[in-house]
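Let's have the full structure, built from the sequences with the hints guiding it.
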Amino acid sequence: MNKEIKNIKKLIVNQSLELDCGKIIKNFPIAYETYGTLNKSKSNAILAFHALTGDQFVTNINPITKREGWWTTAVGPGKAIDTDKYFVICANVLGGCMGSFGPKEINPDTNELFGITFPVITIRDMVRAQIYLLEHLGIDKLLSVTGGSMGGMQVLQFASLYPNKTYSAIPIACSASHSAQNIALDELGRQAIMADPNWNNGNYFKTNLSPDKGLAVARMAAHITYLSKKSLQEKFGRKLQDKGSLKFNFDADFQIESYLRYQGAKFVDRFDANSYLYITRAMDYFDLEKQFNGNLSLAFKNTKSKFFIISFTSDWLYPTIENKEIVIALNACGANVGFVEINSDKGHDSFLLDVPEFLKTLSEFLNSIYKEINNEKRI
Amino acid sequence: MKKEFKIISKIIQNNKRVLDIGCGDGTLMEYLKFNQQNDVRGLEPQKDLVQKCIAKGLSVIEGDAEKELVQFPDKSFDYAVLSQTLQAFLFPEKVLKQLLRIGKQTIISIPNFGYWKVRLHLLFKGTMPITKNLPNEWYNTPNLHMCTIQDFVNFCKEKNIKIDRSLCLTNEKISEITNGNLLYKNIFSQLGIFLIK
Chain A
1 MNKEIKNIKK LIVNQSLELD CGKIIKNFPI AYETYGTLNK SKSNAILAFH
51 ALTGDQFVTN INPITKREGW WTTAVGPGKA IDTDKYFVIC ANVLGGCMGS
101 FGPKEINPDT NELFGITFPV ITIRDMVRAQ IYLLEHLGID KLLSVTGGSM
151 GGMQVLQFAS LYPNKTYSAI PIACSASHSA QNIALDELGR QAIMADPNWN
201 NGNYFKTNLS PDKGLAVARM AAHITYLSKK SLQEKFGRKL QDKGSLKFNF
251 DADFQIESYL RYQGAKFVDR FDANSYLYIT RAMDYFDLEK QFNGNLSLAF
301 KNTKSKFFII SFTSDWLYPT IENKEIVIAL NACGANVGFV EINSDKGHDS
351 FLLDVPEFLK TLSEFLNSIY KEINNEKRI
Chain B
1 MKKEFKIISK IIQNNKRVLD IGCGDGTLME YLKFNQQNDV RGLEPQKDLV
51 QKCIAKGLSV IEGDAEKELV QFPDKSFDYA VLSQTLQAFL FPEKVLKQLL
101 RIGKQTIISI PNFGYWKVRL HLLFKGTMPI TKNLPNEWYN TPNLHMCTIQ
151 DFVNFCKEKN IKIDRSLCLT NEKISEITNG NLLYKNIFSQ LGIFLIK
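So the sequence lines, in the order shown, correspond to chains A and B. When we follow my numbering, the leftmost residue of the first sequence carries the number 1, and every step to the right adds one. When we follow my numbering, the leftmost residue of the second sequence carries the number 1, and every step to the right adds one.
Hints may be right or wrong, so weigh each one.
Unchecked claim - Simulated pairs of lysine-lysine, DSSO-like, Cα-Cα distance not exceeding 27 Å:
no., chain 1, residue 1, chain 2, residue 2
1, B, LYS2, A, LYS165
2, B, LYS173, B, LYS2
3, A, LYS324, B, LYS52
4, B, LYS47, A, LYS230
5, A, LYS304, B, LYS75
These are computed hints drawn from the structure, not numbers from a lab. From a predicted model like this one, the values you see are computed outputs, not experimental measurements.
Take a look at the structure:
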């Protein structure tokens, strides 16, 4: 785990924010990154929300991990979210571990790292915290808010909280309320972390032993849910890893085992175990329907934004049917909504991968909004 | 834009809310949005066509009218438009009921199975009619419930559906259908267009 995160953009919010849990936070950092140039009329800004294990480094090489940004397929010059045209903003979420206020930060009251004394945060808290960043950047109204998975949940929450702050909203592969299956899968990950003796009740920073094994298992289990049965079968099948025959032991005989172990090991280098607990909890607590007494369409009652909802055929984590519930709620309140289910075998991760149909339609939708705004400004 | 859409767009008043069911590539929607300032939404089952609409800046949802229409509230649109699709549904009556519920008014067009060429085809060839408007063979046609202009008028009468306007189209020429000329129009029209509620 990289402990030093220097030279990254940070906004210290010197206002206080009351979290959903009742605690009040103040003077907290929001780490962020921007790409492209904000135009004179400040009308080309897109706020991208990252998913569970993402961060503010959407594209290019992440300066901390030295790996490609999480949405490099979609964001960059000439890409679907074209940084030659749009000003793309992304913030590390509250509870994250890439410089924003999270369990890895120092509690000013105790001068120790928060660990699990950090307050439990929600998707709503994450979104409300990012409003300060928009104020700081002087942006009144965004061209769009977008994100997949937990990023999509933030899109929905944003559109609901701030009906006039964005021209359009693109929630991708997400849900308006976390399903029992998804809560179960998150709990599996959390239990894997907490079962690692190194976790030490969240105080692993005191012992210098981090719960890498638990966090890796959490990641391995989660990673399976991001793929589809078909893509796993096609990519790995029963292929063996660097060997001609089964070895009759518990090493990684199969390529899929080796692949998952690699994914797990790679993850612990860049992610904080406590952050994983907090962020999965925030996803589990997300229930936009409940925020509006069981009527999801009330969440969007005052919205002026144009919605475009995208799901993927092989996504079983946030299946089309859950995405469609959002469409139904938007239609019920007369909102402006488009929806398409993209054909893809790549599972939930489709939104992060090179799925040309998806990238094309994302690009075209944004372009239509861009044109509409420019026409409006001219009038 | 085809003649049928020109007629439909003339029926629709400016600045009204319109739902286009089976909107295809969004030709009619685009016209209504940019020329008549209508607030338009579309429903279309084919992904590639939905994506074409999205690219044009049109709000279209992918879905099947037989399943999706229930989600729209009562009278949430000034007009519900269904162009030449009623006969392709499994349960046209149910779809029509939904249209009448959602739209303050409904515009519906039907390819006329009573058209003389269709009648002659069946009479003389003894096979299922294939015409310019009905180009498919019986085994691959999407049209499950063909009807005539007369059938549709009878249906509306039976179900207490009020027909505010009825028009017909023959070789790009448009005319009104009246009680007096119905028999004649049912033979010589390729398409019937109705404004109902």
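_Given the hinted pair B/LYS173 and B/LYS2, is their Cα-Cα distance within 27 Å?_
holds (12 Å)
*Given the hint that A/LYS304 pairs with B/LYS75, test it: the Cα-Cα distance must not exceed 27 Å.*
Within the cut-off at roughly 20 Å; holds.
_Pair hint outcome, B/LYS2 versus A/LYS165 [Cα-Cα no greater than 27 Å]_ = violated (39 Å)
*asked:* Tell me if the straight-line CA distance from B/LYS47 to A/LYS230 falls inside 27 Å.
replied: Holds, at roughly 22 Å.
*For the pair supplied as a hint, A/LYS324 and B/LYS52, is the alpha-carbon distance within the 27 Å limit?*
With a Cα-Cα distance of about 20 Å, the restraint between A/LYS324 and B/LYS52 holds, given a limit of 27 Å.
In summary, the structure is inconsistent with hint 1 from the numbered list given earlier, while agreeing with all the others.
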